[in-house]
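Asks: Starting from the known structure of chain D, arrange chain A on it as the hints suggest.
As they're listed, the protein sequences go chains D and A.
With the working numbering, letter number 3 in the first sequence gets 3, and the count goes up by one each step, no holes.
Numbers in the working numbering are just positions in the second sequence, counted from 1, shifted up by 118.
Please note: incorrect hints may appear among the correct ones.
What the hints assert, rightly or not - Once the Cα atoms are required to be at most 30 Å apart in a straight line, the calculated BS3-like pairs of lysine-lysine come out as:
| id | chain 1 | residue 1 | chain 2 | residue 2 |
| --- | --- | --- | --- | --- |
| 1 | A | Lys159 | D | Lys38 |
| 2 | D | Lys38 | D | Lys110 |
| 3 | A | Lys159 | A | Lys136 |
| 4 | A | Lys127 | D | Lys110 |
| 5 | D | Lys105 | A | Lys136 |
| 6 | A | Lys156 | D | Lys113 |
| 7 | A | Lys159 | D | Lys16 |
| 8 | D | Lys70 | A | Lys159 |
| 9 | D | Lys3 | D | Lys110 |
| 10 | D | Lys110 | A | Lys156 |
| 11 | A | Lys159 | D | Lys110 |
| 12 | A | Lys137 | D | Lys3 |
| 13 | D | Lys38 | D | Lys16 |
| 14 | A | Lys137 | D | Lys16 |
| 15 | A | Lys159 | D | Lys3 |
| 16 | D | Lys113 | A | Lys127 |
| 17 | A | Lys171 | A | Lys136 |
| 18 | D | Lys113 | D | Lys16 |
| 19 | A | Lys158 | A | Lys136 |
| 20 | A | Lys127 | D | Lys105 |
| 21 | D | Lys113 | A | Lys171 |
| 22 | D | Lys16 | A | Lys158 |
| 23 | A | Lys140 | A | Lys171 |
| 24 | D | Lys3 | A | Lys136 |
| 25 | D | Lys38 | A | Lys127 |
| 26 | A | Lys158 | D | Lys105 |
| 27 | A | Lys127 | A | Lys156 |
| 28 | A | Lys137 | D | Lys70 |
| 29 | A | Lys159 | A | Lys140 |
| 30 | A | Lys127 | A | Lys140 |
| 31 | D | Lys113 | A | Lys136 |
| 32 | A | Lys156 | A | Lys171 |
| 33 | A | Lys156 | D | Lys105 |
| 34 | D | Lys70 | D | Lys110 |
| 35 | D | Lys105 | D | Lys70 |
| 36 | D | Lys38 | A | Lys158 |
| 37 | A | Lys140 | D | Lys110 |
| 38 | A | Lys156 | D | Lys38 |
To be clear, the hints were calculated from the coordinates, so they are not data collected in a lab.
Since the model is a prediction, treat every value here as computed from it, not as a measurement.
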Amino acid sequence: AQKVTQAQTEISVVEKEDVTLDCVYETRDTTYYLFWYKQPPSGELVFLIRRNSFDEQNEISGRYSWNFQKSTSSFNFTITASQVVDSAVYFCALSEAWTPGGSEKLVFGKGTKLTVNP
Amino acid sequence: DTEVTQTPKHLVMGMTNKKSLKCEQHMGHRAMYWYKQKAKKPPELMFVYSYEKLSINESVPSRFSPECPNSSLLNLHLHALQPEDSALYLCASSLRSSGADTGELFFGEGSRLTVL
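Next up, chain D with everything else stripped away, as it sits in the complex (with noise of 0.2 Å):
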């Protein structure tokens, strides 16, 4: 079964301060695709990235990086010189590939709610 662990239930860091959000997953497939989505206030999901488990290239994205280690079976998430605008809860999530007949699922993890001050 799929499931995702995010340990760190709430963060807070001081403006500028770099921040690393934790995701630990497990599954028994061999083809599955890693997400972050981010939820303001507002409360939409905003998807951030996507990476599939064939791919363990780490990816900048501006002030946004992400650490894949299939060894360790995490997905962490760095976000660099953090700003107010990044305050949300952030969701690390896991699906599994689809197979015709087959059942599909994004499983989420709990959440890190993120919180920077000024």
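Replies: Frame of chain D; chain A shown alone:
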């Protein structure tokens, strides 16, 4: 056009009312989803439609009735709800093309439901 549009954004209903939530996408996606999100909790899957057919029902009470009239539309009919059903209801869609699906879901902004 990469939007999933949900209406209404806010809905207040009594326990005896019948109402519907609507979701629309024009990205050519063939899978559509309803998720329920309670405050301070992650989204939880309710239903999945694949090629307009219900493929997953996560043991959702019958007072929630999904409907997929065509590949672009997804409805959630609500009847005789309870106060504990108050939540943010999120619609999502994904490509669902055999051999090409990445599992990426595109979410709408949600419909915030309050049951009095």
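Asks: Take the hints in turn and mark each one as holding or not.
Replies: To see whether the hints hold, each was checked on the structure:
1. Lys159(A) <-> Lys38(D): 13 Å, holds
2. Lys38(D) <-> Lys110(D): Cα-Cα ~12 Å, so holds.
3. Lys159(A) <-> Lys136(A): Within the cut-off at roughly 26 Å; holds.
4. Lys127(A) <-> Lys110(D): 24 Å, holds
5. Lys105(D) <-> Lys136(A): 29 Å, holds
6. Lys156(A) <-> Lys113(D): Roughly 15 Å between the alpha carbons, so the hint for Lys156(A) and Lys113(D) holds.
7. Lys159(A) <-> Lys16(D): Cα-Cα ~28 Å, so holds.
8. Lys70(D) <-> Lys159(A): Within the cut-off at roughly 27 Å; holds.
9. Lys3(D) <-> Lys110(D): 10 Å, holds
10. Lys110(D) <-> Lys156(A): OK: Lys110(D) and Lys156(A) at ~11 Å, within 30 Å.
11. Lys159(A) <-> Lys110(D): Cα-Cα ~6 Å, so holds.
12. Lys137(A) <-> Lys3(D): 34 Å, violated
13. Lys38(D) <-> Lys16(D): At roughly 19 Å apart (the allowed maximum being 30 Å), Lys16(D) and Lys38(D) satisfy the hint.
14. Lys137(A) <-> Lys16(D): 46 Å, violated
15. Lys159(A) <-> Lys3(D): 15 Å, holds
16. Lys113(D) <-> Lys127(A): 23 Å, holds
17. Lys171(A) <-> Lys136(A): OK: Lys171(A) and Lys136(A) at ~23 Å, within 30 Å.
18. Lys113(D) <-> Lys16(D): 17 Å, holds
19. Lys158(A) <-> Lys136(A): Roughly 27 Å between the alpha carbons, so the hint for Lys158(A) and Lys136(A) holds.
20. Lys127(A) <-> Lys105(D): Given that 30 Å is the threshold and the Cα spacing comes to 25 Å, the pair holds.
21. Lys113(D) <-> Lys171(A): Distance ~36 Å between Lys113(D) and Lys171(A) Cα, so the pair is violated.
22. Lys16(D) <-> Lys158(A): Given pair Lys16(D), Lys158(A) holds - Cα atoms ~26 Å apart, limit 30 Å.
23. Lys140(A) <-> Lys171(A): 17 Å, holds
24. Lys3(D) <-> Lys136(A): 35 Å, violated
25. Lys38(D) <-> Lys127(A): Satisfied, since the Cα-Cα distance of roughly 19 Å is no more than 30 Å.
26. Lys158(A) <-> Lys105(D): 20 Å, holds
27. Lys127(A) <-> Lys156(A): This hinted pair holds, its Cα atoms lying about 16 Å apart.
28. Lys137(A) <-> Lys70(D): 45 Å, violated
29. Lys159(A) <-> Lys140(A): 23 Å, holds
30. Lys127(A) <-> Lys140(A): 10 Å, holds
31. Lys113(D) <-> Lys136(A): Distance of about 35 Å is beyond 30 Å: violated.
32. Lys156(A) <-> Lys171(A): OK: Lys156(A) and Lys171(A) at ~26 Å, within 30 Å.
33. Lys156(A) <-> Lys105(D): 18 Å, holds
34. Lys70(D) <-> Lys110(D): 21 Å, holds
35. Lys105(D) <-> Lys70(D): 20 Å, holds
36. Lys38(D) <-> Lys158(A): Given pair Lys38(D), Lys158(A) holds - Cα atoms ~13 Å apart, limit 30 Å.
37. Lys140(A) <-> Lys110(D): 26 Å, holds
38. Lys156(A) <-> Lys38(D): 16 Å, holds
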